[in-house]
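J.: Here are the chains, one letter per residue:
Protein chains: 2
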Amino acid sequence: MKVFKYPDRASWAEILKRPLFDSSLLEATVKNVLQEVRNEGDAAVRKFTLQFDKADIGDLRVSDKELEESENCLTLELKQAIGIAKNNIEKFHTAQMRTDEFVETMPGVQCWRKMIAIEKVGLYVPSGTAPLFSTILMLGIPARLAGCKQIVLCSPPGVDGKLHPAILFTAKMIGITKIFRVGGVQAIAAMSYGTESIPQVHKIFGPGNQYVTCAKQLVQKEGVAIDLPAGPSEVAVYADETADPRFIASDLLSQAEHGIDSQVLFVTTHSLLIDEVLKALDNQIVVLPRMNIAIKALENSKIILVKTGSDALDVINEYAPEHLILSCANADDIAEKVINAGSVFLGKYSPESVGDYASGTNHTLPTNGYAKAYSGVSVDSFVKKITFQKLTLEGLTNISTTVELMADAEGLIAHKNAVSIRKNSQ
Amino acid sequence: MKVFKYPDRASWAEILKRPLFDSSLLEATVKNVLQEVRNEGDAAVRKFTLQFDKADIGDLRVSDKELEESENCLTLELKQAIGIAKNNIEKFHTAQMRTDEFVETMPGVQCWRKMIAIEKVGLYVPSGTAPLFSTILMLGIPARLAGCKQIVLCSPPGVDGKLHPAILFTAKMIGITKIFRVGGVQAIAAMSYGTESIPQVHKIFGPGNQYVTCAKQLVQKEGVAIDLPAGPSEVAVYADETADPRFIASDLLSQAEHGIDSQVLFVTTHSLLIDEVLKALDNQIVVLPRMNIAIKALENSKIILVKTGSDALDVINEYAPEHLILSCANADDIAEKVINAGSVFLGKYSPESVGDYASGTNHTLPTNGYAKAYSGVSVDSFVKKITFQKLTLEGLTNISTTVELMADAEGLIAHKNAVSIRKNSQ
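Chains as they are written, first to last, in this note's numbering: chain A, 194 to 619; chain B, 194 to 619.
Don't take every hint at face value.
Note that the list lumps identical chains together, so a pair holds whenever it fits in one copy or between two copies.
Said to hold, decoys possible - In silico lysine-lysine, BS3-like type, Cα no more than 27 Å apart, as pairs:
1. K530 / K578
2. K365 / K247
3. K495 / K210
4. K371 / K530
5. K307 / K284
6. K313 / K530
7. K313 / K578
8. K578 / K279
9. K195 / K489
10. K530 / K307
11. K258 / K272
12. K342 / K578
13. K414 / K224
14. K472 / K198
I should point out that these hints are in silico values taken from the structure, not numbers from a laboratory.
With these hints in hand, go ahead and build the complete structure from the sequences.
T.: Here's what the structure looks like:
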């Protein structure tokens, strides 16, 4: 990790800069796959699955029998763990449900707003080195709570054409049954345009590699909504002299093992902690199966030593990390002043990994500084909020002059007439 | 208007198709302006303002004196009308404010979610044939309620280099003072990248022409958030035999006068109403200052006669209109079944124009079928919802096995270790 000691405020922007990835280099390839799936449907999906995933798939949809059997392939302990995570995530996301807001803004002018589920949603669950079944909980639970009628799940098959039983078991547990063994750009294309087997959806959720990200960007331009713009996963840890260097090292490593492009930032007011953390990193990294990935990620990662807690907060708010761990004495006070972050973990017993899996909060969060303007996935992401209004004749009369004057001043006389005609019809 | 009587369900998609506008044709021009403002700052903004708006502007920012003086240029009646609209919009949007959600998902595992304002936002207010000051209310009021610290407003100047006093008065009334006489792509560029005079923002709101829309799309790809993807404004009216054809015609015209690409759809179960509405349109259109625009918009607009209210609902939900007027006996029941719309107006005394200006609901709404997945602008649009969690040692112990098992099954051993190290440190 690169260490910056008391850097000038003017140099922060440069230090905190994230690597730029230019997806336009992939666009031609991605556009071609999108177009072919749009034109050829299932046949193109099968072709690209053979080409990219080396899997020759017959039925794109996972059968009920496969879903049933998935249960037998998992240990009882893992199934229980997934069940506990599901309960916590359900509890936290249930608190996000809203009753309608109803306001009578003037006598006879009733306005309200209703949460209504997006009818058709698609969940993309990457696979690859490991089956990321936790993503199904994080996307599927709020989708079910919101009341989405059609939930489609796509995930890339192994070379045997199958999905991992942990994926199938988790999906089944939360009631998702429209599951397709399709990944990559072809999955995004199929959910965007629909094929003979795979239904078209209105919004697509889920992480993915650079091709999937590029495909989501392109279909968004065509009108399909997406959850979030994507970037590599990140953590920032802020620690003071009360922190345990071993805990900090373990948090930095849980981010670093995600991928060589993972962003890891450690900010501290306590200079002695730096060497202790570096030592703990060395000790802990050697036992990791994904050590080589973590080593590469740490090479591009940064440690910033600052004078005060207030400076640390400024660095953090400027960086806008996806995950923020506050391992310090006054974590509650510091947390109150965080304005840019995806999810915040307070105190020494709150590692990021509890939020990644099971505490209840969502792990689909804004990366790449997007936390300045975007929120993580929640029930909100699966609903639209539609406004309604109903005026009585009295209400219309009360508001008529206001609307007539404003419409007139904006030169929109038909807008004015729509009020005047009604008023004068009495 | 084109009339379709009892069309086959299979033909609906074709009938409801919106015209496709390909913004990629503008991209080269727009990219050039974006790039030049990024490199040259204020100088480029001035150059493009002279080129596109024919205005030679000195200070980009509107002075306090100009803001003060705007009050003298408006009639008392108009100022009062704007004040009434402001009050109603504030009332409705205040109901959207949220207290934090706090959930203890397991003993010792506390999770909560907080609404935090986006720090820096930019509001774009088009001008052109008329000063659209109502847009300032619709964007500025939720921005202020949310607590955005920096609110920047850009609007194109007239050839005299000035902004219309109604724009300035409205902005001042709701406490917006960072106002710039800059419009078009150069305004979007300035707010995205920042210039010497114009601050950079995290999210840009507001309608605009095709160039502005294209610029918003392009900066979104670079990480600046935007309110909504844009398209021409739309209304769908559903009416039965209880409706007044004059009212319907007035609503269709208030949409049609917006622009020649405005989308107007009239759905009815009552065939006799069609001729009556067409006749009322002919009567009302002739007195409109924007008659020629309305005539063109109506040429591309459609009337669909359906058998039942249920069919009408299906047509409407498939179309997903920005505005939906339900002029029918059982508007409340029908409204309950609307799943895709931006804003819904119930009954014969609820014309769209009351919502456009003053009833309290927001008029920045999803067009182009985006209502299937997007909501209109609200306080939500100006905040992020950040999640927080704090575990006690007991909480960590309670959840540890769950996280360890799941991380292990996903092959992420550093994630597992972050929990184990803490647990075993006791």
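J.: Please go over all the hints and tell whether each is borne out by the structure.
T.: Consistency of the hints with the structure:
Within a single copy, K530 and K578 get their C-alpha atoms only as close as 29 Å, which misses the 27 Å cut-off; across copies the closest is 14 Å, which meets it. For a Cα distance limit of 27 Å, the shortest separation of K365 from K247 inside one copy, 26 Å, qualifies, whereas the shortest one across copies, 63 Å, does not. In this homomeric assembly, K495 and K210 come within 27 Å of each other (Cα to Cα) only inside a single copy, at 11 Å, whereas the closest approach across copies is 52 Å. Proximity of K371 to K530 under the C-alpha cut-off of 27 Å is restricted to the inter-copy arrangement: shortest distance 25 Å between copies versus 43 Å within a copy.
For the identical chains of this complex, K307 and K284 are neighbours both inside a copy (21 Å) and across copies (16 Å), given an alpha-carbon limit of 27 Å. When the C-alpha separation of K313 and K530 is checked against a cutoff of 27 Å, the pair qualifies only between copies, where the shortest distance is 16 Å, while the shortest distance within a copy is 38 Å. In this homomeric assembly, K313 and K578 come within 27 Å of each other (Cα to Cα) both inside a single copy, at 16 Å, and across copies, at 24 Å. With identical chains, the CA atoms of K578 and K279 are at most 27 Å apart both within one copy (26 Å) and between copies (21 Å).
In this assembly of identical chains, the alpha carbons of K195 and K489 lie at most 27 Å apart only when taken from the same copy (13 Å versus 63 Å across copies). Proximity of K530 to K307 under the C-alpha cut-off of 27 Å is restricted to the inter-copy arrangement: shortest distance 12 Å between copies versus 32 Å within a copy. Proximity of K258 and K272 under a CA criterion of 27 Å is satisfied intra-copy only: 18 Å inside one chain copy versus 69 Å between copies. Taking the closest pair of Cα atoms, K342 and K578 come within 27 Å of each other both inside a single copy (16 Å) and across two copies (25 Å).
Within a single copy, K414 and K224 get their C-alpha atoms as close as 12 Å, and across copies as close as 16 Å, so both meet the 27 Å cut-off. Proximity of K472 to K198 under the C-alpha cut-off of 27 Å is restricted to the intra-copy arrangement: shortest distance 18 Å within a copy versus 78 Å between copies.
In this structure, every one of the numbered hints holds.
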